[in-house]
Every structure is written in C-alpha cells, then in structure tokens.
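**Q** Sequence:
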Amino acid sequence: MVQRYDALIVGGGPAGSTMARALTQRGYRPLVVDKQTFPRDKTCAGWVTPAVLDILGIDPADYRQKNVMQPIHGFRIGMMGQKAVVNDHGSEPVSYGIRRCEFDHYLLERSASERAEGIKFQSLERTADGEWCLNGDYQAPLVIGAGGHFCPVAATIGEGPGSHETSVTAKEVEFEMTPQQARHCRVREDTPELWFCRDLMGYAWVFRKDNFLNIGLGREDPNDLKSHLNDFVARMQAEDRIPEDLPGKFKGHAYLLYDHAERPLVDNGILLIGDSAGLAYTQSGEGIRPAVESAFLAADVIQEAPDYSAASLKLYANRLRERFGTREVERESGLDLPDWAKLRIAPALMKTHWFTRKVVTERWFLHEHVPTLEVAS
Numbered sequence: 018m019v020q021r022y023d024a025l026i027v028g029g030g031p032a033g034s035t036m037a038r039a040l041t042q043r044g045y046r047p048l049v050v051d052k053q054t055f056p057r058d059k060t061c062a063g064w065v066t067p068a069v070l071d072i073l074g075i076d077p078a079d080y081r082q083k084n085v086m087q088p089i090h091g092f093r094i095g096m097m098g099q100k101a102v103v104n105d106h107g108s109e110p111v112s113y114g115i116r117r118c119e120f121d122h123y124l125l126e127r128s129a130s131e132r133a134e135g136i137k138f139q140s141l142e143r144t145a146d147g148e149w150c151l152n153g154d155y156q157a158p159l160v161i162g163a164g165g166h167f168c169p170v171a172a173t174i175g176e177g178p179g180s181h182e183t184s185v186t187a188k189e190v191e192f193e194m195t196p197q198q199a200r201h202c203r204v205r206e207d208t209p210e211l212w213f214c215r216d217l218m219g220y221a222w223v224f225r226k227d228n229f230l231n232i233g234l235g236r237e238d239p240n241d242l243k244s245h246l247n248d249f250v251a252r253m254q255a256e257d258r259i260p261e262d263l264p265g266k267f268k269g270h271a272y273l274l275y276d277h278a279e280r281p282l283v284d285n286g287i288l289l290i291g292d293s294a295g296l297a298y299t300q301s302g303e304g305i306r307p308a309v310e311s312a313f314l315a316a317d318v319i320q321e322a323p324d325y326s327a328a329s330l331k332l333y334a335n336r337l338r339e340r341f342g343t344r345e346v347e348r349e350s351g352l353d354l355p356d357w358a359k360l361r362i363a364p365a366l367m368k369t370h371w372f373t374r375k376v377v378t379e380r381w382f383l384h385e386h387v388p389t390l391e392v393a394s
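Each residue of the sequence shown is one higher than the one before, starting from 18 at the first, in my numbering.
Please note that a few of the clues may not be correct.
Derived DEER-like restraints, expressed as beta-carbon distance ranges [stated by the list, open to error]:
(1) Arg-43 to Lys-266: 38 to 44 angstroms
(2) Leu-366 to Gln-197: 48 to 54 angstroms
(3) Leu-263 to Ser-108: 31 to 37 angstroms
(4) Lys-268 to Gln-197: 20 to 26 angstroms
(5) Ala-251 to Asp-216: 15 to 21 angstroms
(6) Gln-20 to Arg-205: 47 to 53 angstroms
Once the Cα atoms are required to be at most 25 angstroms apart in a straight line, the calculated SDA-like pairs of lysine to any residue come out as [said to hold, decoys possible]:
(7) Lys-331 to Val-387
(8) Lys-266 to Thr-54
(9) Lys-368 to Val-392
(10) Lys-268 to Asp-227
(11) Lys-137 to Glu-148
(12) Lys-268 to Asp-241
(13) Lys-59 to Thr-208
(14) Lys-243 to Phe-213
(15) Lys-100 to Ile-362
(16) Lys-266 to Arg-236
(17) Lys-368 to Asp-257
(18) Lys-268 to Tyr-298
(19) Lys-368 to Glu-148
Keep in mind that the hints were calculated from the coordinates and are not lab data.
All C-beta atoms in this analysis are idealised placements derived from N, C-alpha and C, irrespective of residue type, glycine included.
Kindly produce the complete structure, drawing on both the sequences and the hints.
**A** Now the structure itself:
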C-alpha cells in the first residue's frame, strides 16, 4: 500500500535533516528517504562555524557531551613546497571540528521526522493526480532532492552529474589514532593545516579532532588527484607531521562549487537543496553551511508558495541568488586576473600573515563577512 506524505526528502545529510526538522516544526509531515542506515560512515574534513551552530540552535557544550566537537583557534596555511604561516585567532573558537557520522546522525535524530532508511532510489513517477510516487511506495505533492552531488532527484530534472559540470573530486581518510600514532602526529588539535596546490587547482588538509585524524586532498582536475595526494602524504610524513602507518584506503567523493554549477534548482513539485543543488562555497568547498541555509530558505518558500508549480518554486532560486550571489556561469565576463598572473603572485601572498588570515581563513573558510541567516522561530 502506498504511503502518503506532505513531502519526500531524498537524502538524510545536513540539508535533508534540516529541511525535515523545519517542515515538521511548521506542521508538515515529511518523510526522509536514504539509501543508508544512520549512523552511517561519512568521511569528511568536517568543520562547522559558529554561524552554522547558531542557525541550527546547537550548544557546543551540550553536543560535546556525547560527540566529538573540536574547538578551532587557528590555522596553519601554506602552499605546497613553501613554509607554512600560522595564524592564531584568539581564545574564542572560530570553528569546530566534527565527525560527520556523529553530526549527521544527531541532526537526523533531532529532526523528529519519519524516516525510511536503507531504501535505494529506484523510480520517481508522476501519479494520475499530479503528485510524485517514489519507488511505487511513497507519495507526496513535493519531492526535495538532498542526496548530494549524485542525487537521483537532480538527474530527474536535469542532465544530472556529468562531463558538462566542473566538480571537485576529493580523497580522504579519517581514523582514530593509536597512542603510538598520536605521539607521531605534530598537528595540533586546535590548528588544522591547509596546503594549497601550486597550480591553484585544489588544496590538501590535515585536521585533528580529539584523537581522530582526517587527511585529504581535493582538486578540480581529478586526473592528477592521486599523484598530488601521494606527494602530499609523503611530504607530511617526511616532516613527521602525520604518522607513517595510515590505516585503510582513502575514500573518494565529489561536489559542485557554487560558481561552477549549472543545475536547474526547481521543477514542478521538485526542488534541490545542499550539494544536490551545487551550493558548496567556491573557494573552500565547504558545503555544510550552504546546505543548512538552503534548507531553511526552501522551507520558507514551501510555506509561502500558493502551489508547488515550477513558477511558484522559482522564488526559492531567487532567494538562493540573493543569499549566495549570482553564479559565475550566469555572470557576464568582466575584469579578472589571467591564470598566469594568479600563479605568479599566489606563492608570495601565501607567505604573508595578512593574506592567509584576512582572505584565506576569515573570508574563504570562515565567511565572517556573511551575516548569520535569520531563521523563523
């Protein structure tokens, strides 16, 4: 027998769980459908800024009682082959390190919504009355794609992921260190390390969260990803910054940068949020804050819209543009430095405290210039 809901949310990550909670609190009955069962393994560098915790209403002290939440007070930043610059941001945390397996499960549990876990997406079809039916089992007038870069809902309303999209491909590993490994790790818990590739096509990181260590590298050019990652790991091990014995294999994933995404965001009875919509910040690749904010913006539109037609849901796309700016692919070409000029000045800038703090950290990674999104209580 088909089960009917007010909305079907495909994907239970931060975007999907935030949407589920927002709709539930407004009196809707959503269903979160995810192919995995939570808590699920999710390798991610995993840092969230105070702005994210504010809009989600999470108290770091309360969260830390049962989960990892590593306060971050500084960053060690450099360009591959150069000496790093260390910036101390003071006594108050400027960000927090989390484990996505814990964080995502916490958000989904807190959403208090109904869930269908371990359900693989098989079909999405229109019903005779104009609603959507997922897998022939779940029906609703609205479907929300929150399944990340390869979200099947995104493929339903567009071309889906493919060669026409410029995405970032990353490989990373996260593990709990043994006492011996911890002794051979010189990375400080409160000071993540960021290392930019010399061709400016990506960056690597080493991030220690309590006794967990996350190492990874992401690039817009996936053909050179493995060699860049191997070189970076070897360099960090040679400098005794990370242990020699790294367990397991590096896991890969992909995401779209906001300026490079061309996906349609809405269709009749469908809208996309989070990485499904390609909302990761262009400079840093961070996706949690845009994912959470897009869910709140979409929830507002769902409540305000007279119906779920593409014309009515277009208001959501407009509000995303107001919040995150016009995508680069939508803008007319303007003045910009050529690639050769960027490559020439970048090494010098990366040696300065001013650039690494004011531009790389505070603007690209912390987005301190962006006011916290006002969320309806």
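**Q** Each hint should be assessed against the structure and marked as holding or not.
**A** Hints, one by one, checked against the model:
1. Arg-43 to Lys-266: 38 to 44 angstroms: Roughly 43 angstroms apart at Cβ, these two residues keep to the hinted range, so it holds.
2. Leu-366 to Gln-197: 48 to 54 angstroms: For Gln-197 against Leu-366, whose Cβ atoms are near 38 angstroms apart, the range 48 to 54 angstroms is violated.
3. Leu-263 to Ser-108: 31 to 37 angstroms: For Ser-108 against Leu-263, whose Cβ atoms are near 33 angstroms apart, the range 31 to 37 angstroms holds.
4. Lys-268 to Gln-197: 20 to 26 angstroms: 24 angstroms, holds
5. Ala-251 to Asp-216: 15 to 21 angstroms: 18 angstroms, holds
6. Gln-20 to Arg-205: 47 to 53 angstroms: Distance hint for Gln-20, Arg-205 holds at roughly 50 angstroms.
7. Lys-331 to Val-387: 24 angstroms, holds
8. Lys-266 to Thr-54: 22 angstroms, holds
9. Lys-368 to Val-392: Not satisfied, since the Cα-Cα distance of roughly 39 angstroms exceeds 25 angstroms.
10. Lys-268 to Asp-227: 21 angstroms, holds
11. Lys-137 to Glu-148: Given pair Lys-137, Glu-148 holds - Cα atoms ~20 angstroms apart, limit 25 angstroms.
12. Lys-268 to Asp-241: 16 angstroms, holds
13. Lys-59 to Thr-208: OK: Lys-59 and Thr-208 at ~22 angstroms, within 25 angstroms.
14. Lys-243 to Phe-213: 15 angstroms, holds
15. Lys-100 to Ile-362: Holds. Lys-100 to Ile-362 sits at ~16 angstroms (cutoff 25 angstroms).
16. Lys-266 to Arg-236: 18 angstroms, holds
17. Lys-368 to Asp-257: 22 angstroms, holds
18. Lys-268 to Tyr-298: 21 angstroms, holds
19. Lys-368 to Glu-148: 56 angstroms, violated
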